[in-house]
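*Asks:* Could you put together the complete structure from these sequences and hints?
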Amino acid sequence: MNAKKLWISFMTIVRKDVLRIFKIWPQTFLPSVVTSVLYFLVFGTVLGEQIGDVDGFSYLQFVVPGLVMLAVVTNSFSDVATVFFVSKFFSRNIDEILVSPTPPSVIIAGFVGGGIVRGVLVGALVLLVSAFFVPISFAYPSVVLLFLVLSSLVFSLAGLVNGIYAKSFDGISIVPTFVLTPLVYLGGVFFSIEALPGFWRDLAAANPIFYLINGFRYGLLGLSDVPIATSIAVLVGLAAALIAANWYFIRTGLGLRQ
Amino acid sequence: MNEGKHPALVVEHVKKTYASGKEALKEVSLVIPEGDFFAFLGPNGAGKTTIIGIVTGIVDKSAGTVRVFGYDIDREPEKAKACIGVVPQEINFNIFETPLDIIVNQAGYYGISRKEAIPRAESLLRSLGIFDKKDQESRALSGGMKRRLMIARALIHKPRLLILDEPTAGVDVDLRRSMWDFLRSLTEKEGITILLTTHYLEEAEQLCKHVAIIHQGSIIESGSMKDILGKINTDSFLITLRSQVTPEIVEALAAYRAKKIDEKTIEIETDDGRGLNDAILLLNGRGFPIGDIRNKSGRLEEVFVRLTGK
Numbered sequence: 001m002n003a004k005k006l007w008i009s010f011m012t013i014v015r016k017d018v019l020r021i022f023k024i025w026p027q028t029f030l031p032s033v034v035t036s037v038l039y040f041l042v043f044g045t046v047l048g049e050q051i052g053d054v055d056g057f058s059y060l061q062f063v064v065p066g067l068v069m070l071a072v073v074t075n076s077f078s079d080v081a082t083v084f085f086v087s088k089f090f091s092r093n094i095d096e097i098l099v100s101p102t103p104p105s106v107i108i109a110g111f112v113g114g115g116i117v118r119g120v121l122v123g124a125l126v127l128l129v130s131a132f133f134v135p136i137s138f139a140y141p142s143v144v145l146l147f148l149v150l151s152s153l154v155f156s157l158a159g160l161v162n163g164i165y166a167k168s169f170d171g172i173s174i175v176p177t178f179v180l181t182p183l184v185y186l187g188g189v190f191f192s193i194e195a196l197p198g199f200w201r202d203l204a205a206a207n208p209i210f211y212l213i214n215g216f217r218y219g220l221l222g223l224s225d226v227p228i229a230t231s232i233a234v235l236v237g238l239a240a241a242l243i244a245a246n247w248y249f250i251r252t253g254l255g256l257r258q
Numbered sequence: 001m002n003e004g005k006h007p008a009l010v011v012e013h014v015k016k017t018y019a020s021g022k023e024a025l026k027e028v029s030l031v032i033p034e035g036d037f038f039a040f041l042g043p044n045g046a047g048k049t050t051i052i053g054i055v056t057g058i059v060d061k062s063a064g065t066v067r068v069f070g071y072d073i074d075r076e077p078e079k080a081k082a083c084i085g086v087v088p089q090e091i092n093f094n095i096f097e098t099p100l101d102i103i104v105n106q107a108g109y110y111g112i113s114r115k116e117a118i119p120r121a122e123s124l125l126r127s128l129g130i131f132d133k134k135d136q137e138s139r140a141l142s143g144g145m146k147r148r149l150m151i152a153r154a155l156i157h158k159p160r161l162l163i164l165d166e167p168t169a170g171v172d173v174d175l176r177r178s179m180w181d182f183l184r185s186l187t188e189k190e191g192i193t194i195l196l197t198t199h200y201l202e203e204a205e206q207l208c209k210h211v212a213i214i215h216q217g218s219i220i221e222s223g224s225m226k227d228i229l230g231k232i233n234t235d236s237f238l239i240t241l242r243s244q245v246t247p248e249i250v251e252a253l254a255a256y257r258a259k260k261i262d263e264k265t266i267e268i269e270t271d272d273g274r275g276l277n278d279a280i281l282l283l284n285g286r287g288f289p290i291g292d293i294r295n296k297s298g299r300l301e302e303v304f305v306r307l308t309g310k
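Those protein sequences? They're chains A and B, same order as listed. For the record, in the first sequence the residue sitting at position 120 is 120 according to this note's numbering, with numbers rising by one throughout. For the record, in the second sequence the residue sitting at position 216 is 216 according to this note's numbering, with numbers rising by one throughout.
Keep in mind that the hints are not guaranteed to be accurate.
Taking lysine to any residue pairs in the SDA-like style, the calculated list, with each CA pair at most 20 Å apart, reads [stated by the list, open to error]:
no. : chain 1 : residue 1 : chain 2 : residue 2
1   : B       : Lys115    : A       : Val14
2   : B       : Lys115    : A       : Met1
3   : B       : Lys189    : B       : Pro7
4   : A       : Lys23     : B       : Arg139
5   : A       : Lys23     : B       : Pro7
Listed next, the stretches of chain B that the computed footprint assigns to chain A, with coverage defined by at least 3 CB atoms under 8 Å from CB atoms of chain A [claimed, not checked]:
no. : segment
6   : 55-69
7   : 167-179
8   : 280-289
These aren't lab readings, by the way, just hints derived from the structure by calculation. The beta-carbon is built from N, C-alpha and C at its ideal position, and this holds for glycine as well.
*Replies:* Written out as structure tokens, the structure reads:
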């Protein structure tokens, strides 16, 4: 396939997912918006005033980046994991792509592209909702955008690995519930890791989600627990490893071909 | 493109053993010339769908080579796949999408733009009689319509080899015959090579030029339909009498292995030693005027049953 045909194939996969995302918006956009409103109500009006300021920002301003990232991570991950798993396991319409000349790299890019669109849109929506509760500033707008896209990319790729390997619906719900959500909560959504004692601070530094929350918080508030370049390097490294894993799985047909 | 230089499909010494240890294909070889209408027959579980899965890239083979119009599926998978259109046995599209979207998206996976694909998809939907359903969710389609939708989807990129895995399963007789006409026109007018698996042996007998029969993972018979049918030197006829069939006349035709089919119809088998004329003379001589004589199709079924015991 030449470059034009590859592009058409890529856009076909992305377009299909994006149309689906908008068609079922009460399932794709609404839950994150409702959840974030609840967080803002609880932390803004109930707990926030008792906790006080963090590094010169109100507590609500401090948790906004983490809540946006929570939505981005869970949405981009579950979008790709669910779409791929359903097309593989139930309708088996993944075969529509597997029998075509679309190469593995474009299959990965297409599915991940849909996840990025959903992650970025949901992240932007939660950010917009947060503006009703707290003044939003953009210390470094390009860093905000970079981390929105990079986080969506990394967790869409992780979702694809999960979708390829899952053998039942439990297989795609276990990871978000028992792995992603704890990692997000322990990754500094509600606190600065500077506040943690030594061992726990080292443990938090091994959590990749800490770096994306840290980077996004830096973009919005200009606050950072680690150098921004470290956060970018961790995410780029993770993305590269996940791209390689997905390429290998699809190329060799692991979990896809019989 | 390898126009005219290579057979449409060459399968050489292909073996498949699933992870469960089941040996689905022992060592299968077959060649399908370009422009052929080829029947691939066998009982359930014989290995037909496994071969199709291997050719289309959704099942990994354990050994052997497969070439599609000269393109090795391992070395040049994209070129090989671009030549193939496949209609699987099971419905495998998203039932919440419309027929038009399903076909146009399929075109996209082959690098065909929506602008080019939409009129082509509409034309295919018209040809297959489901144009008026193009914007409805596909779950609302009947079983026969879903099968036709999968045929349209398989043809959107103008494949040179069309693989049909039981395309008329569950389709009523009228529709099946109209689908036969459509498939015949694909080979005759457009030169598309067709590989057909079916449980309706009459269908294969009517449509196909060549046939291979697979049983327990091995090809046990292959050749031209004429040669395969020629292996049975008998012919079956259904004779409708103007009067009732009596036990005496069945007895009189015992040498023809006569069977009473209904009150007025009798089935006989002829061969080199017992011709149809002799049977007619016998019936007329015994005062049983003949209303109608039909050649009973199903000789392939006879061969199939003899070879596979199924």
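*Asks:* Look at each hint and say if it fits the structure.
*Replies:* Each hint tested on the structure:
Only pairs whose Cα atoms come within 20 Å are accepted, and B:Lys115 paired with A:Val14 is accepted, the gap being roughly 17 Å. Among the hinted pairs, B:Lys115 with A:Met1 is consistent with the structure: their alpha-carbon atoms are about 18 Å apart, no more than 20 Å. With a CA separation close to 19 Å, the supplied pair B:Lys189 and B:Pro7 stays within the 20 Å bound. Of the pairs offered as hints, the one joining A:Lys23 and B:Arg139 holds, with about 17 Å between alpha carbons and a cut-off of 20 Å not exceeded.
Distance restraint check for A:Lys23 and B:Pro7: the Cα-Cα separation of roughly 46 Å exceeds the 20 Å cut-off, and the hinted pair is therefore not satisfied. With 5 residues carrying a beta carbon less than 8 Å from a beta carbon of chain A, the segment 55-69 of chain B meets the three-residue requirement, and the given coverage holds. Coverage of the segment 167-179 of chain B by chain A is violated [criterion: at least 3 residues with CB-CB distance below 8 Å; count 0]. Here the segment 280-289 of chain B counts 0 residues with a CB under 8 Å from a CB of chain A, which misses the bar of 3, and the coverage is violated.
Hint violations for this structure: numbers 5, 7, 8, all remaining hints satisfied.
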